[in-house]
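Engineer: The listed protein sequences derive, respectively, from chains V and B. FYI, the numbering for the first sequence is 60 to 328, going by the numbering used here. FYI, the numbering for the second sequence is 60 to 328, going by the numbering used here.
I should point out that these hints are in silico values taken from the structure, not numbers from a laboratory. Treat the numbers as computed from the prediction; the structure is a model and nothing was measured. Just so you know, not all the hints are guaranteed correct.
Stretches of chain B that chain V covers, calculated by requiring three or more beta carbons in the stretch to come under 8 Å of a beta carbon on chain V [unchecked claim]:
1. 76 to 84
2. 189 to 199
3. 218 to 225
4. 242 to 253
Positions of the beta carbon are idealized from the N, C-alpha and C atoms, including for glycine.
So the chains spell out like this:
2 protein chains.
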Amino acid sequence: MMTGTLYVIGVGPGDPELLTLKAARILRDIPCICVPKGRQEGSSLALSIVEKTIDIKDKEIIEAHFPMRKTRGQRTEHREQNTATSTHPSPCKGEGKGGGNSLYSDNCELDTKWNETVEIVLSMLTRGIDMAFITIGDPAIYSTFFYLYDRLLELNPDLNIEIIPGVSSINAAASRAGISLGLADEKIAVIPATYADNLKEILEGFDTIVLMKVHRVFDKILKTLEEMNLLNNSIYISRAGMKDERIFKDLRDMKEEDLNYFSMVIIRK
Amino acid sequence: MMTGTLYVIGVGPGDPELLTLKAARILRDIPCICVPKGRQEGSSLALSIVEKTIDIKDKEIIEAHFPMRKTRGQRTEHREQNTATSTHPSPCKGEGKGGGNSLYSDNCELDTKWNETVEIVLSMLTRGIDMAFITIGDPAIYSTFFYLYDRLLELNPDLNIEIIPGVSSINAAASRAGISLGLADEKIAVIPATYADNLKEILEGFDTIVLMKVHRVFDKILKTLEEMNLLNNSIYISRAGMKDERIFKDLRDMKEEDLNYFSMVIIRK
Chain V
60 MMTGTLYVIG VGPGDPELLT LKAARILRDI PCICVPKGRQ EGSSLALSIV EKTIDIKDKE
120 IIEAHFPMRK TRGQRTEHRE QNTATSTHPS PCKGEGKGGG NSLYSDNCEL DTKWNETVEI
180 VLSMLTRGID MAFITIGDPA IYSTFFYLYD RLLELNPDLN IEIIPGVSSI NAAASRAGIS
240 LGLADEKIAV IPATYADNLK EILEGFDTIV LMKVHRVFDK ILKTLEEMNL LNNSIYISRA
300 GMKDERIFKD LRDMKEEDLN YFSMVIIRK
Chain B
60 MMTGTLYVIG VGPGDPELLT LKAARILRDI PCICVPKGRQ EGSSLALSIV EKTIDIKDKE
120 IIEAHFPMRK TRGQRTEHRE QNTATSTHPS PCKGEGKGGG NSLYSDNCEL DTKWNETVEI
180 VLSMLTRGID MAFITIGDPA IYSTFFYLYD RLLELNPDLN IEIIPGVSSI NAAASRAGIS
240 LGLADEKIAV IPATYADNLK EILEGFDTIV LMKVHRVFDK ILKTLEEMNL LNNSIYISRA
300 GMKDERIFKD LRDMKEEDLN YFSMVIIRK
C-alpha cells in the first residue's frame with residue numbers, strides 16, 4: 060500500500076496573505092492538519108493564520124506534542140556526533156511508582172504525549188493518509204518540527220516528507236522595518252538572545268545581527284547595545300505584519316509591557 | 060495629487076508556487092513592473108517566476124539599472140557612519156571630455172542609467188501610478204533594491220513604499236536539503252563566501268553556517284571544510300526548488316561545471 064505524504068508547511072509570520080500559493084493549495088486539498096501544541100501561543104497562531112484563508116471545518120486537526128527540552132538536548136548531541144544512536148525519549152521511570160516529584164511527572168507526561176504524537180502521525184501516513192504539519196514562519200528557522208522529522212525517518216526511512224518553505228518572521232520584520240539584512244558582502248548573524256554568551260564579539264564581527272527571543276533578557280541586551288554605542292542602529296520588532304505589530308526605533312522608549320514572545324531586535328551597522 | 064505606491068515584492072526562490080498570496084494579488088492588479096537589470100541572470104529570473112503565474116502581457120515592464128560597486132561601497136560607508144550625507148553616485152567627470160579609459164566610460168554609462176532608473180520610478184510614483192519592483196527570494200536578503208530604496212526616500216521622504224517579504228533562497232535550500240537552520244538555542248551565520256576572511260572562526264562559533272555565492276571560491280571553501288573536518292556536515296545546494304536544482308551531500312563529488320551562481324553551502328554541526 061502507498062504511504063501518505065507528510066507536507067511540512069511554513070505558514071508565514073502571521074499575515075494570512077503571506078501564505079505561499081503552494082501552502083494554500085496543499086492546505087485546501089489535505090484532509091488532516093497536524094498543529095504543534097506548545098506552551099507558547101505559537102501553536103494556535105499557526106492554525107489561526109490558516110483558518111483565515113482556508114476552510115478547515117471538515118478537516119481532522121491533530122495536536123502534536125513535543126519532548127521536553129532535556130530530550131531535545133540529547134537529540135542535538137546525537138546529531139552532532141553523527142551517530143545512528145536511537146533518539147528515544149528517556150523512558151518514564153516514574154510511571155506506576157505512585158508519586159515522585161511533580162517536575163518528574165510532568166516530564167513523563169510530556170514524553171508519553173510525544174510518543175503518542177509520533178505513533179499517530181506514523182500510523183496515518185502508513186495507512187496512506189496525506190497530512191500537513193503547519194508551523195509559523197519557515198520550518199527551517201527554529202521550528203520544533205525537526206524533532207518529529209528525525210524521529211519519523213528513524214522509524215521509517217522511506218516515509219514521504221516534503222518540506223514547503225515559508226516567509227520567515229525574520230524577513231517579515233526586516234520588511235516592516237524597511238531595512239536590508241545584508242547587501243553585497245555583508246555578514247548576517249541570527250542568535251537566540253537567551254544564550255548569547257559572546258554577544259559583544261558577534262556584534263563586532265557582523266554587519267547585521269538578529270537577536271531572537273529577546274523578551275526575557277531585554278535589560279541585558281539594552282545595556283550591551285548602549286555600551287557598544289549601537290542603540291542608534293537597533294530596532295525592536297514584535298509580531299511583524301500582524302495586527303498588533305509593534306516597532307520601536309529607539310529601544311529606550313520601551314516599557315516592560317511592550318515585550319512580547321514573538322519579538323526580535325535587529326542591529327544593522 | 061496622490062502619489063502611487065511602490066510595492067517591493069520578493070517573488071521567492073524560483074518555484075512559481077512559492078509566490079505569496081499577497082505578491083500574486085498585487086502583481087495581478089499592478090499596471091507596471093520594475094525588474095532589476097543585472098549582469099547576472101537574476102533579473103530575468105524574477106520576471107520568469109512571475110510570468111508563470113501572472114499574465115503580464117498588458118503590463119508595462121521597466122528595467123532598473125543599479126550603480127557600480129564602487130558607489131555601493133560609498134553607500135555602505137554612509138550608512139555605517141549614520142550621516143545624512145548625500146549618496147549621489149559620483150558625477151561622471153569623463154563626460155564630454157572625449158575619451159578616458161574604457162573602465163571609466165563603463166562606470167559612467169552605468170551611473171547615467173542608474174540615475175535614469177531613479178528618475179523614471181520617481182516620476183511614475185509622483186504621477187500617481189502604482190508600481191511593483193520584483194526581486195528573487197526575499198528583498199531583505201542581498202537584494203540590490205535597497206540602493207534604490209535609500210535613494211528614493213532621500214529625494215522624497217514621503218513616498219509610499221511597501222515591502223512584501225518573500226521566501227528566501229536560504230530557507231528554500233534548507234527545506235530541499237531536509238535540514239533545520241537552527242533549533243532551540245542554536246546560532247546561525249549567513250556570509251558571502253567571497254569575503255569570508257575569518258571563515259574558520261565563524262565555522263567554530265556557529266551551529267549553522269550558510270555560505271552564499273560559493274561558486275567563485277569553491278576550492279578554498281572545500282579545503283577549509285576538509286581541514287576542519289566538517290565535510291560530513293556540509294551540503295551544496297544550487298537553484299533550490301527549480302527544475303535544474305542540484306544537491307550534493309558530499310562536496311568531494313562535485314565538478315567545476317556543477318558550480319552555479321545561485322548556489323550555497325550549508326554547514327550544519
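Engineer: Confirm or reject each hint.
Structural biologist: Status of each hint after checking the structure:
1. 76 to 84: holds (count 8)
2. 189 to 199: Our answer is that it holds, as 3 residues pass the Cβ test (under 8 Å) against chain V, meeting three.
3. 218 to 225: holds (count 5)
4. 242 to 253: holds (count 11)
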